[in-house]
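Asks: Here are the chains, one letter per residue:
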Amino acid sequence: MASSPSFEGGTILGLDNVQVDLPLAGIGSRSMAAAIDHLVLLVLQLLWLLAATTLAGFSIIEGTLIPVIMVSGFFLLQWGYFAVLEMSTGGKTVGKHILGLRVVSNVGGRPSAAALLIRNFIRTFDLLIGVPLMAVDSRCRRLGDMLAATIVVHEQRTTAEHVQLRRFPASWGGQEVAVVESFLARAHRLEGDQAQHMADQMLQWIRTTEPDFWSAVEPNLVWSQDRVMVLAQVVEAQS
Amino acid sequence: MDYQRFVTLRQPICDSFEKGLEKARRTPRELSYEELEELSVLYRQLLNDHALARSRFPGTGMARRLEMLVLQGTQWLQRDTGRRLPPLRRFLSFYFPNAMGRLRPQLAVVAALFAFTAAMGFSLTAVEPSVGMLFLPAESVTGLEQGKLWTDSIFAVTPGSVASTRIASNNISVLMSALAGGMVAGLGALWIICLNGMMLGSVIALTARFSMADGLLNFIAAHGPLEITLILVCAAAGLRGGLGLIQATDRPRVEVLQERGLDGLIVLLGCIPWMIVLGMVEGFISPSTQLPLGTKVALGGLLELVFILIAWNPLRSSTLTQGEA
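The listed protein sequences derive, respectively, from chains A and B. Here my numbering is used: the first sequence runs in plain steps of one and ends on residue 239. Here my numbering is used: the second sequence runs in plain steps of one and ends on residue 325.
Possibly wrong hints are sitting among the right ones.
Claimed, not checked - So the derived label-pair ranges between C-beta atoms look like this:
#1 Leu46/A with Val41/B: 49 to 55 Å
#2 Asn17/A with Met120/B: 36 to 42 Å
#3 Val306/B with Leu42/A: 35 to 41 Å
#4 Glu34/B with Ser88/A: 48 to 54 Å
#5 Glu34/B with Gln225/A: 48 to 54 Å
#6 Ser31/A with Ala298/B: 50 to 56 Å
#7 Leu315/B with Ile98/A: 47 to 53 Å
#8 Ser88/A with Asn170/B: 41 to 47 Å
Keep in mind the hints are simulated off the structure, nothing from the lab. Idealized CB from N, CA, C, for every residue including glycine.
Please build the complete structure, drawing on both the sequences and the hints.
Replies: What follows is the structure, given as structure tokens:
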């Protein structure tokens, strides 16, 4: 039986020295998130430019103020986009949100504002050295992350759908339960009638190895051609 | 304990924690102390259950659910308390001056390097004027040949407010680059210091060659001294961080880097407001031809003095308070 997923370098010690595996984000997803963010930044800068020229065109604000607004806006967007978004959303930017990533402290908690500022003021230099550093670091950190004691994790695993059995034979241990749960979670992704065939085999297995359990469950079963549904009924699968 | 019993016993704890966490996320301000305490107790219980499930029932739905709840709980309940930004008064009385105090050795190095490169730029340009021309656009050199300082033409067509904003944002970018560049093994900071030193020395020599050095000094007298000081300070902070990456000590490099990174941020935050002030001085006061040189020198000296007094505050507190320790 496969053990729970482990992430090299992503294991932290929580309270009472309990090991927790953080789902670290890799170079690919982080680079993609950064690319999306730079695209968003470019769009914001263009919008800023458009807004400033529109204001100038309609003489809403004084002419000399236009360059001031434009220069300060560009400067603030350039240096503040990442830091301000991460501080206000608890470690997310637009790119990270789309890819389901989040910045956390190196113990898996919420990073402080200071840590988020530190990891972002060095971003320009990390565009050059960040990727090679992430490639060699076991926690996939760039220099900004090392300075700020932060890491980037996937959020999907913390919100992923999973199947849990509510009813199963008393003699079953974790392995048997894990096999059925794992099958039910993935059944819809199997090709052709593989899922039906496997579900049928599992029902046969339960019927022959757990006759007492089967006799208690069978009277209430609603039989159908969809054997996966029948199996889900037998074990009262809940997602 | 068999799996069925484990599930039966832990299911209510999971449900209760999930419900409490959802409420805490949605309306954190409405959370009472008792509710938060209960959430923390449940979190601790779940951590231990997670450890048990991970070793006894790996791969099961319950193990996955516990892992998911533990990750969510860790993200919400644990906060990085060691890197909080202090209130302004505490920042000025303790954090900023103490961070500045730790910079002295690196500041001496970058100041010496700046002086050396400035002298080198001056000497080279005095001997070979084409060196100084590398740092100025062709039209500025043509202007010098015609007896006009390039700053006159810039400020003649650019309003003070625009110039101030542009100068302040540019100078703040230089501070950030000096600091961040320094963290890369000190290389970026050294590059910025050498470049600025060479540029200053060369430009002074070049203007002196055209008998316009007094005009340049008149222009930089009010903002120049502090501007150079701030660049040196941020470069020194960057260099200190970069040395943490190189030097071997009895502490892990990452730990040293994190400590110096925080110091760097404190120094940067202490310097940025000054760059905004200097942007205004450079945009409005420095180009003025009505203000006498003495006034500009006095203003430059005063700004430098106030910064030094704040940065190396002689009355600074040197101990952490209970909450900061």
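Asks: Hints first: check each against the structure and report whether it holds.
Replies: Comparing the hints with the structure gives:
Distance hint check: the CB atoms of Leu46/A and Val41/B are about 51 Å apart, consistent with the given range 49 to 55 Å. Distance hint check for Asn17/A and Met120/B: the Cβ-Cβ separation is about 57 Å, which falls outside the suggested range of 36 to 42 Å. The supplied range of 35 to 41 Å is met by Val306/B and Leu42/A, whose beta-carbon atoms lie about 40 Å from each other. The given range of 48 to 54 Å is broken by Glu34/B and Ser88/A, whose C-beta atoms sit roughly 29 Å from each other.
The supplied range of 48 to 54 Å is met by Glu34/B and Gln225/A, whose beta-carbon atoms lie about 53 Å from each other. Checking the proposed 50 to 56 Å range against Ser31/A and Ala298/B shows it holds: the Cβ atoms sit about 53 Å from each other. Taken as a hint, the range 47 to 53 Å holds for the pair Leu315/B and Ile98/A, whose Cβ atoms sit roughly 50 Å apart. At roughly 27 Å, the beta-carbon separation of Ser88/A and Asn170/B lies outside the given 41 to 47 Å, and the hint is violated.
Taken one by one, the earlier hints fail for this structure at numbers 2, 4, 8, listed in ascending order.
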